[in-house]
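> Based on the sequences and whatever the hints tell you, model everything.
There are 2 protein chains.
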Amino acid sequence: MFVASLTTSQTAIAKTSPNLVITSADVTNMRAAINVEGQFKTTFTANKAAIDQQMAEPITVPMPQDGGIAYQLTQDERYARYVRDMLLTYAELYPTLPLHPARKVGKQNPGKLFWQSLNEAVWLVYTSQAYDLILASLSSAEKNKIESGLFRPMVKFLSVDSPETFNKVHNHGTWTTAAVGMTGYVLAEPEWVEQALYGLDKSGKGGFLKQLDELFSPQGYYNEGPYYQRYALMPFVTFAKAIETNQPERKIFQYRNGIVLKAIDTTIQLSYNQLFFPINDAIKDKGIDTIELVNGVAIAYGLTGDKGLLDIAKQQKQILLTGDGLKVAQALDKKLAQPYDFKSVAFGDGNDGKQGALVIMRQNVAGEQAVLFKPAAQGLGHGHFDKLTWQFYDKGEEIVSDYGAARFLNVEAKYGGRYLPENKTWAKQTIAHNTVVVDQATHFNGDVEKGNANHPELIFFAKEQHVTISAAHIASVYDGVDLTRTIALVNLPSNSNSNSSSSSNLEQKQSFVIDVFQVTSAESHQYDLPVHYKGQLISTNFQLATQLTSLPVLGKENGYQHLWLKAQAQPDAGLSQITWLNENGRFYTHSAIMDGDSSVLFTQIGANDPLFNLRNENAFITRKSDAINHTFVSVLEPHGEYNPSKEFTVSAVSEVKKLSHQKINNIDVVELAVTSGQRYVLAFNAAKNFKGKQSNSFVFNGAKYRFNGRFKLFEINN
Amino acid sequence: MFVASLTTSQTAIAKTSPNLVITSADVTNMRAAINVEGQFKTTFTANKAAIDQQMAEPITVPMPQDGGIAYQLTQDERYARYVRDMLLTYAELYPTLPLHPARKVGKQNPGKLFWQSLNEAVWLVYTSQAYDLILASLSSAEKNKIESGLFRPMVKFLSVDSPETFNKVHNHGTWTTAAVGMTGYVLAEPEWVEQALYGLDKSGKGGFLKQLDELFSPQGYYNEGPYYQRYALMPFVTFAKAIETNQPERKIFQYRNGIVLKAIDTTIQLSYNQLFFPINDAIKDKGIDTIELVNGVAIAYGLTGDKGLLDIAKQQKQILLTGDGLKVAQALDKKLAQPYDFKSVAFGDGNDGKQGALVIMRQNVAGEQAVLFKPAAQGLGHGHFDKLTWQFYDKGEEIVSDYGAARFLNVEAKYGGRYLPENKTWAKQTIAHNTVVVDQATHFNGDVEKGNANHPELIFFAKEQHVTISAAHIASVYDGVDLTRTIALVNLPSNSNSNSSSSSNLEQKQSFVIDVFQVTSAESHQYDLPVHYKGQLISTNFQLATQLTSLPVLGKENGYQHLWLKAQAQPDAGLSQITWLNENGRFYTHSAIMDGDSSVLFTQIGANDPLFNLRNENAFITRKSDAINHTFVSVLEPHGEYNPSKEFTVSAVSEVKKLSHQKINNIDVVELAVTSGQRYVLAFNAAKNFKGKQSNSFVFNGAKYRFNGRFKLFEINN
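Respectively, the protein sequence lines represent chains A and B. Per the numbering used here, the very first residue in the first sequence carries number 2; after that it's consecutive. Per the numbering used here, the very first residue in the second sequence carries number 2; after that it's consecutive.
A pair counts as met if it fits within one copy or between any two copies, since identical chains are not told apart.
Lysine-lysine pairs mimicking DSS-like chemistry, simulated, CA-CA at most 27 angstroms apart:
(1) Lys-425 x Lys-647
(2) Lys-647 x Lys-308
(3) Lys-49 x Lys-510
(4) Lys-263 x Lys-203
(5) Lys-169 x Lys-355
(6) Lys-318 x Lys-336
(7) Lys-42 x Lys-647
(8) Lys-336 x Lys-315
(9) Lys-689 x Lys-705
(10) Lys-318 x Lys-396
(11) Lys-451 x Lys-206
(12) Lys-263 x Lys-206
(13) Lys-336 x Lys-42
(14) Lys-464 x Lys-705
(15) Lys-647 x Lys-535
(16) Lys-318 x Lys-647
(17) Lys-263 x Lys-647
(18) Lys-318 x Lys-510
(19) Lys-535 x Lys-396
(20) Lys-647 x Lys-315
The set of hints was computed from the structure by calculation and includes no laboratory data. None of the values given here were measured: they were computed from a predicted structure.
Below is the structure:
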């Protein structure tokens with residue numbers, strides 16, 4: 002069947018030019034657009050100025066694609082000649098090249114133009130597009146020389162001469178299949194396209210479609226997390242666009258229920274306030290304005306016309322000079338953007354979507370709360386040992402944070418700009434995250450292979466009007482220790498202070514994140530649960546023993562060697578409260594149930610850091626020693642406002658007055674009482690052997706409660 | 002003569018109403034404006050909604066002014082009745098009031114409505130305006146009751162019954178004179194106006210004009226610094242506006258060469274990126290959007306029509322519901338704003354402008370460099386012991402910083418929201434600033450009176466195209482030690498990297514701050530010079546001995562007890578370099594001349610801080626021990642860009658290759674060589690006995706140099 006479809010489509014290949022990402026019809030529209038005021042014209046004018054400048058200089062770093070676009074839009078032959086001359090030079094050069102002298106033997110597959118073949122594939126993805134854009138301007142002799150000297154040998158080098166990379170189901174392989182397939186379209190070599198799609202032997206065991214099958218979950222989540230997801234996205238969307246242009250009958254954007262569009266959308270969903278959630282090895286400054294997503298959003302908008310995507314495009318502040326880019330620019334000029342819909346979702350992990358999940362909970366008001374809960378799989382070598390960790394975001398800022406990667410990208414003085422040694426000794430370690438550490442050891446003992454082989458299980462994810470809740474479980478991170486965590490984002494209409502209404506900026510909602518972390522074992526252990534908080538400590542409702550004149554280090558290994566111990570405390574049994582102030586001007590109080598025996602350690606990152614490689618961030622760690630089973634129960638609550646500019650401070654004190662937790666059979670019952678006298682009971686059933694819409698009932702404080710399904714929030718008016 | 006002018010103007014008083022800050026003519030324009038789309042209408046609509054809501058509730062916190070404006074604009078009698086009823090209630094109440102029960106005996110002058118009379122004066126400034134706005138709607142009987150029950154006794158209480166406060170030349174006194182004078186205009190009591198202007202005895206020894214004479218320098222600088230300057234501004238501009246409205250013949254805005262407008266403008270000049278320079282006891286979040294300056298800018302724009310003020314008004318994002326506010330709103334709607342001109346200025350301190358100076362140097366490109374250099378007077382009780390300190394700002398951020406005040410304004414949990422104990426033990430101490438500390442003692446031994454009695458001397462301030470430079474001197478902070486500092490902000494066209502032009506965002510200028518701090522004494526001392534830097538340490542060109550597993554405290558008192566010692570070093574003689582990365586994405590390198598004997602201490606604030614009251618900020622301190630004379634010479638250089646979002650890092654390494662300093666007779670010669678091979682020699686003469694356009698010459702490296710005046714920057718092409 003594949004062969005049949007190939008045959009029918011063969012004649013369609015390369016009839017017109019350009020015809021990869023940009024088509025002749027696009028060009029017609031784009032040429033008109035550069036004469037009309039608007040974002041597209043503005044972008045093009047700036048772009049053209051850059052090319053003109055580049056053309057005036059000797060050819061050093063060839064970026065042929067922009068030249069091709071300038072030729073198509075201005076029809077000025079100078080641009081075509083510039084690209085042509087560049088390609089002719091390469092056509093002379095390429096056949097003479099050995100493997101690159103800077104290649105790393107045995108580590109990466111070497112290229113010829115570049116030290117690794119990955120870079121060569123990337124280069125070809127762009128250069129095949131440039132060639133496509135100037136094709137019409139070339140003589141047969143020129144085409145022949147460029148194709149036989151450059152494109153054909155390069156395709157051969159990347160495909161039949163490098164079968165392992167080509168067939169590899171890995172995002173590096175995607176660049177190679179995209180490069181070969183796109184060049185195949187331009188040179189009218191359907192065989193290359195077929196190999197790109199189905200692997201060298203066209204069996205379907207390798208190739209682009211297999212990559213689409215394996216590298217994303219059914220919802221479009223990429224196993225390594227958002228930072229690498231956006232990186233992986235580029236060749237997928239670019240090649241898919243070229244396939245759609247040349248062979249729409251392949252319906253590539255419908256493949257696997259629209260996996261390419263899902264991957265683009267999921268990348269957006271995995272952001273907060275324009276930045277990607279920084280799980281795993283992530284540079285925290287990376288966000289939705291990344292070029293990979295500029296490309297993805299334009300292509301997705303071109304296909305779907307979804308106005309929510311324009312909201313993202315607007316924030317990207319960057320217009321692509323393509324047909325899709327033109328559609329985006331014109332829609333933005335017409336102010337068609339509508340708010341993008343950020344959702345609460347559990348993204349199933351793994352190619353089957355069943356290897357744990359990455360859970361996002363949101364209160365869908367601009368700039369308001371987001372919870373990230375991570376019962377996700379390890380995510381290969383860039384994954385962190387942070388099973389069941391969480392993060393909290395509010396009013397534009399990180400509140401409970403993840404360190405991300407320890408790296409200063411491209412800063413030579415910081416370990417050559419590579420991942421710092423502290424990425425391994427600190428950032429990947431479990432204590433660097435907001436999850437339980439048993440006996441000061443790291444999950445899976447820091448063994449990546451073991452991590453990849455074992456993933457948490459998502460017990461459930463559910464939501465209703467006021468509550469989004471998820472539970473997950475893992476028993477493989479520590480021998481003989483079972484971890485089950487349930488996190489709920491609760492949003493309630495605020496009852497308190499309804500009479501003092503002077504400041505209209507105040508939130509009308511009251512939010513809580515309820516966290517129940519149950520640890521069970523057959524033996525006695527030490528359990529540490531850190532909260533890495535962002536802000537200035539304001540107060541605690543218990544006495545602190547603060548180190549005044551000398552700071553000791555907390556431990557010797559597994560990340561503990563990087564923590565200064567600033568203060569410790571042993572709160573009385575009952576409600577402990579820790580309040581901090583974030584730079585967003587809001588207060589946050591962490592209220593927890595203490596047993597009188599647990600201690601709280603206040604730490605700062607920075608010990609054993611001879612070259613000041615680490616950021617000096619703060620945490621508090623609740624430590625339960627010599628325990629067999631233990632359940633950490635806490636509530637995080639945003640409140641009030643500190644406004645020194647307008648000179649007012651409101652609600653600097655937590656509303657939480659009481660917190661209790663009971664496990665009644667399989668039902669966890671969390672009771673929360675606030676200052677107004679209002680009481681709430683959140684009941685949930687996180688049992689694994691749970692049946693459908695099961696009915697649950699329990700007796701609490703002498704009253705009988707009943708609910709169907711996994712959970713219910715009861716409001717109790719006294 | 003004063004009496005004469007009073008007599009002629011007497012008949013003009015209170016003929017029309019309203020006629021204080023808002024006039025009848027204003028009202029006509031404003032009524033028209035609330036029917037036209039624009040910022041004024043938007044503001045009024047929101048404001049009216051708030052009043053309507055307030056009127057629906059029991060009267061608790063009376064804010065009568067807004068009601069008065071709503072009445073004038075809508076002509077809806079309900080608003081006038083609301084204000085009238087409030088005032089009638091007060092008129093019943095006021096005569097029955099004793100001194101306020103919460104007054105603090107012997108500390109502040111008590112009020113009747115409030116615990117201190119200051120608040121009463123503030124209240125009257127606003128309430129007299131509200132009364133003026135509804136006057137036309139009242140019957141004679143109502144007026145009589147309100148005036149005899151409320152305004153007359155309150156004015157008596159604030160003036161003849163409190164002569165000390167009333168006559169005091171202090172910004173608290175300004176509220177009182179403004180309150181009494183403004184009420185005088187509304188009630189047609191010229192005697193009150195006269196007393197407000199010239200003091201109770203009308204001698205001119207007290208009163209508003211004397212306050213204008215004494216509390217500002219001739220350039221409009223207020224002795225306590227920008228944070229308190231903006232606070233002091235309110236009654237000055239409000240009363241001046243009321244005087245101008247009622248008695249334009251007094252030409253109050255021309256008084257003392259336009260001191261009121263100068264004070265408004267200076268308040269703006271004392272900001273960077275919308276925030277006030279945080280010298281002395283300053284809350285760092287306070288900036289140009291403060292209501293005092295919203296008021297000041299509107300009134301100044303109303304008088305001058307200066308379009309640069311609209312630039313500030315735009316950033317204030319707040320429209321005043323007054324005639325001047327309307328002018329601002331309409332001008333903003335018409336997009337008339339032009340860039341406000343931030344200047345390099347030495348603001349002379351003290352009422353004569355000769356008690357030292359606060360020096361601001363800027364490179365006049367939006368968001369670019371500003372240097373604050375502070376050879377200013379102590380600034381009374383809120384002043385810090387920081388003679389000759391400096392700060393540096395670049396690309397929107399603090400780079401070399403000042404701690405400001407240690408205070409969480411109104412946060413009850415933090416010492417009741419008052420100045421924290423650490424304000425005294427840390428924030429005011431010399432080591433908390435970027436200036437020399439001798440023998441670990443604080444300037445003037447921390448004695449405010451001694452500080453107020455001794456101010457530095459500004460030796461010179463000068464500028465030309467590429468250099469702004471200032472020198473200052475003080476010998477009274479430490480017995481027998483003479484401190485002279487010269488700071489220059491140098492901006493040069495960048496010579497380096499002119500061929501690699503790919504990133505168009507890169508700065509085309511190269512900037513340096515050159516700092517020469519000369520300390521002389523007859524005896525041996527320890528000299529510490531801290532640089533409180535903002536950012537992440539990237540690298541040093543010398544070996545660090547970093548504390549890995551235990552952090553010691555640096556000292557026992559004078560602020561040193563709050564510093565953890567994180568690392569120390571003893572750089573070789575020659576050029577030492579310390580590079581950090583600010584969150585604005587730019588690198589900063591501090592290059593200094595080392596003698597092989599000095600050490601560098603890397604510190605973090607936070608020791609002896611049991612309640613986590615301090616921010617954990619970083620510094621490095623260059624320490625020269627057992628020295629009689631010593632000169633600290635350094636260059637601070639912004640460079641490059643760290644852009645992890647777009648994944649590039651450029652120019653992360655300093656361009657400075659050589660730095661030398663010689664004192665040749667009275668001439669300091671600083672030589673700076675950069676990577677490109679370019680060399681610069683900055684020569685300056687900071688002698689006190691300097692004569693006019695004196696000619697200077699010196700021989701350096703065998704060549705003879707000559708310049709006229711205080712300084713010259715020589716460019717040397719090899």
